[in-house]
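Asker: We have chain W already, so just place chain B on it with the hints.
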Amino acid sequence: MPTFQSYEGQTPAWCPGCGNFPILKTLKEALAELEIEPHQLTVVSGIGQAAKLPHYMKCNTFNGLHGRTLPVATGIRLANHEMPVIAVAGDGDCYGEGGNHLLHAIRRNINVKLFVHDNQVYGLTKGQASPTTMEGVVTKTQPFGSLSEALNPMAMAVALDCSFVARGFAGDAEFLKGLMKEALNHKGFALLDILQPCVTFNKVNTYQWYSGRVYRIGDDHDPFDRIEAFKKALEWGEKIPTGIIYRNSRPTLEERIPVIKDTPLIKQRFSFKEAEKEIQGFY
Amino acid sequence: MDYTIRIGGEAGQGLQTIGGVLAKVFARSGLHVFTHQDYMSRIRGGHNFYQIRLSDREVMSSREKVDILIALDLNTISIHRGSLSEEGIIIYDAAFIKKGFDSPEFLNIPFEAIAVEAGGNRIMANTVATGAVLGILGMDLNIFEDIIRERFSKKGEEIAGKNIASARAGFDHAVKVCTRCDFAVPEPGGTPLMLINGNEATGLGALMSGCRFYAAYPMTPSTGIMIFLASKAKEYGIVIEQAEDEISAINMALGASFAGTRAMTGSSGGGFALMVEGLSLAAMTETPIVIAEVQRPGPATGLPTRTEQADLLFVLHAGHGEFARVVLAPGTPEQAFYLTNKAFDLAEKYQIPVFILSDQHLADSEWTFRGLDTGRLRHNDYKLRSEALESISVYKRHRLTENGISPMAVPGESGHLIVTDSDEHDEEGHMIEDAETRIKMTQKRLLKKLPLIRQEIEPPLLYGSERPDIVIAGWGSTYGVMKEAVDVFSGDYAIAMLHFSELYPFPSTEKFDYLSVLGNARLSLCIENNATGQFSRLMRAETGYKFDAGINKYDGRPFTLEGLSGELDAHISKL
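Chains as they are written, first to last, in my numbering: chain W, 46 to 328; chain B, 6 to 580.
Looking at chain W on its own, in the form it has when it is part of the complex (with noise of 0.2 Å):
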């Protein structure tokens, strides 16, 4: 049976009080609860300090190149859908460079659960606006102020009908867990944004800034319900809404291809004799 100590790995080498450290341990814990082994899992991340994530944990993982992460979850998925897949990035990693792989990813709704550290700023590169930084934000390179609108993925991923959608809060650990078990457990593509307070370069997302405004949703919302679904992913100013905010059931990639619906792809023997008859078909 694993344990929260199965997921062990190396020494994370975020700053101190990074928003990724409860992530982290977040994470190991909903993994032990699942009783999901650290070799049956694979962690895919793409780069950032989000994407260091899986090197901080003990499981398979392919770390990729920035916003690829989902190509490659998804080939991996394709390749053996018995094997759970979790895709960690950053918003700057999922939401700018890899803006056109989510949207494919979620109409597919490849069994993939993409969780993203939502800190709304590039860190890895020091500071910079990402696609979720707030309009009017002050950085080094948006010296008038960040310019566009910013990106609101719960909003959009409801528009694209997404078949999860949940946003957890880095200082809400307890709760993030259970989305995080949540969206193991779904059937389908599953995106929880967490907003990740990033201590050194977001002076204004802090804590602070957070802990006045982020609620969970109550049991009255129903999140089978689009329109309900769309009016709570509008949500965010003075009170910020975490929690399931949408969901569906329809079928997965995986299921709609006949060749691997009932055999994961790697567990299929080939015939090369088989295969020789096709020579015949060019007489």
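Quick caveat, the hints were computed from the structure, so don't treat them as lab data. It is possible that some hints are incorrect.
In the DSBU-like style, the derived pairs of lysine-lysine whose C-alpha atoms are separated by at most 30 Å in a straight line are [stated by the list, open to error]: (1) B/K159 <-> B/K237; (2) B/K579 <-> B/K551; (3) W/K318 <-> B/K237; (4) B/K104 <-> B/K181; (5) W/K318 <-> B/K159; (6) W/K322 <-> B/K354; (7) W/K306 <-> B/K237; (8) B/K401 <-> W/K312; (9) W/K322 <-> B/K239; (10) B/K388 <-> W/K318.
What follows is a list of derived Cβ distance ranges for each label pair [stated by the list, open to error]: (11) W/R152 <-> B/P191: 52 to 62 Å; (12) W/F49 <-> B/A546: 54 to 64 Å; (13) B/E429 <-> W/D270: 40 to 50 Å; (14) W/K322 <-> B/E567: 36 to 46 Å; (15) B/R62 <-> W/K322: 27 to 37 Å; (16) W/E219 <-> B/R459: 54 to 64 Å; (17) B/E327 <-> W/E127: 32 to 42 Å; (18) B/P223 <-> W/F49: 45 to 55 Å.
Keep in mind that this is a model prediction, so the values were computed, not measured. Even for Gly, the Cβ is constructed at its ideal location relative to N, Cα and C.
Answerer: Then chain B, alone, in the frame of chain W:
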């Protein structure tokens, strides 16, 4: 006997149907066939042609002179009339193109009217035209009738019957009205030959090498590979994913490969440009991958449906950083089949990216072959499997070994963890920044592997004189035209071809001292479908050898036999 048939018309008029069926009839009759296609980047309209050369000897290039021109529109007549051979014939439907011609080379065959008269409909005009060509050539209809039955078996006997009637009517009409038809095609009965184009052969090679995952974004002229594999997906269990872009395609293929599947992607130059980041990732993570780069003229969108060999240096140098790769450039569909198999074998054995560098000319040209020898295929599994895995106490994905090859295991197959990283990493796959590990990893990925890979590379093929005075050298799809050009000149000169189909690591001279062949020649010419002589430059960089001159064609069209022979003649006459 050596005839050329050209079918010209607008896109969408069924040129490919007529041409494809005729080529198949000839191949089944045991005749040698070479076809090539010239098409514009549009769905309908414009001017396209499909050309078939047939002979009782091996043919592997296109000629400029046409013996039978099938004109499906007026434009075809004005463009190609001048290419007609002395005994050549132009067949056309005067009612359809609304113009008649009186010259003796013209043969009016009312394709549409004959089809309707025979009980078919206007769509069957193409069947009439195909039947007419067979009549003109003095062949019989049996094989064509078989093909019609196979093709329409699903649509029912009635449709097949009407097509057969249309074919016969076209055939009979042509025999009756063609007074100057004097073609001498041997009686059928020879061993049927297989007919296959470069893209199909690459796809077939991939299928028969155990490729189970193909992700790509459609791009002419590479799409044929994806279409072939997709047509076999259900039967053989292949996952085909049409990615949102080429960046995604290569990353998906890498994910599938990491997870334990033989994976491939393909594109043309512009799409491959987007994959370059992922190429470098494949190298750093030592994830096997096969990439088909089917060239077309650039830069940028270039000539989307035409041919060029101008991505050689790009493919050789693509990717940031230094790493091992293999570049294979088949010259024929047969080579494409075997080299694709070799690509999968080398990719997995050395955990590197391997390229199939093809081009539109090879991709779309059909050749006849006696067959393919599946006994030559390599089916090695280089992965670390269950029993071997269990005997290891500590598994490290990037373990430092004598030969630089780390045993490759796949996630989930054992209790061991598989970790890899695009950052420089240690043996376990975790990111590092220290100088010592960096040096060891570079030695492992590049310096140790490269000499081993180089030993697997075959030297160029010498065809023609053993001690040539004149050597023509080239690579990839110019194989056929170079070989036939050697035949043209070999009666008068000691001439030979050196054809390179395995380009990188550049072949050593250990197995065959091709440099001494070049050194002893009075004239050496490098034949390339590009403007700058990219292979010439590679040759000079790798061996120091400099060709006397280059023959470069960069109009987006392949060399024709007459074209290349003419240029060769100009060089040779100066000797």
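Asker: Could you run down the list of hints and mark each one as holding or not?
Answerer: Taking the hints in turn, this is what the structure says about them:
1. B/K159 <-> B/K237: holds, 19 Å
2. B/K579 <-> B/K551: holds, 19 Å
3. W/K318 <-> B/K237: Holds, because 15 Å separates the two Cα atoms, which is no more than 30 Å.
4. B/K104 <-> B/K181: holds, 21 Å
5. W/K318 <-> B/K159: holds, 28 Å
6. W/K322 <-> B/K354: Between W/K322 and B/K354 the Cα gap is close to 27 Å, so the pair holds against 30 Å.
7. W/K306 <-> B/K237: holds, 17 Å
8. B/K401 <-> W/K312: Given pair B/K401, W/K312 holds - Cα atoms ~23 Å apart, limit 30 Å.
9. W/K322 <-> B/K239: holds, 15 Å
10. B/K388 <-> W/K318: holds, 21 Å
11. W/R152 <-> B/P191: 52 to 62 Å: holds, 56 Å
12. W/F49 <-> B/A546: 54 to 64 Å: Because 56 Å falls inside the window, the suggested range holds.
13. B/E429 <-> W/D270: 40 to 50 Å: holds, 49 Å
14. W/K322 <-> B/E567: 36 to 46 Å: Holds, since W/K322 and B/E567 (Cβ atoms, about 40 Å apart) stay within the stated range.
15. B/R62 <-> W/K322: 27 to 37 Å: holds, 30 Å
16. W/E219 <-> B/R459: 54 to 64 Å: holds, 58 Å
17. B/E327 <-> W/E127: 32 to 42 Å: Once the Cβ atoms are compared, 37 Å apart, the range 32 to 42 Å for W/E127 and B/E327 holds.
18. B/P223 <-> W/F49: 45 to 55 Å: Hint holds: Cβ distance 47 Å, inside 45 to 55 Å.
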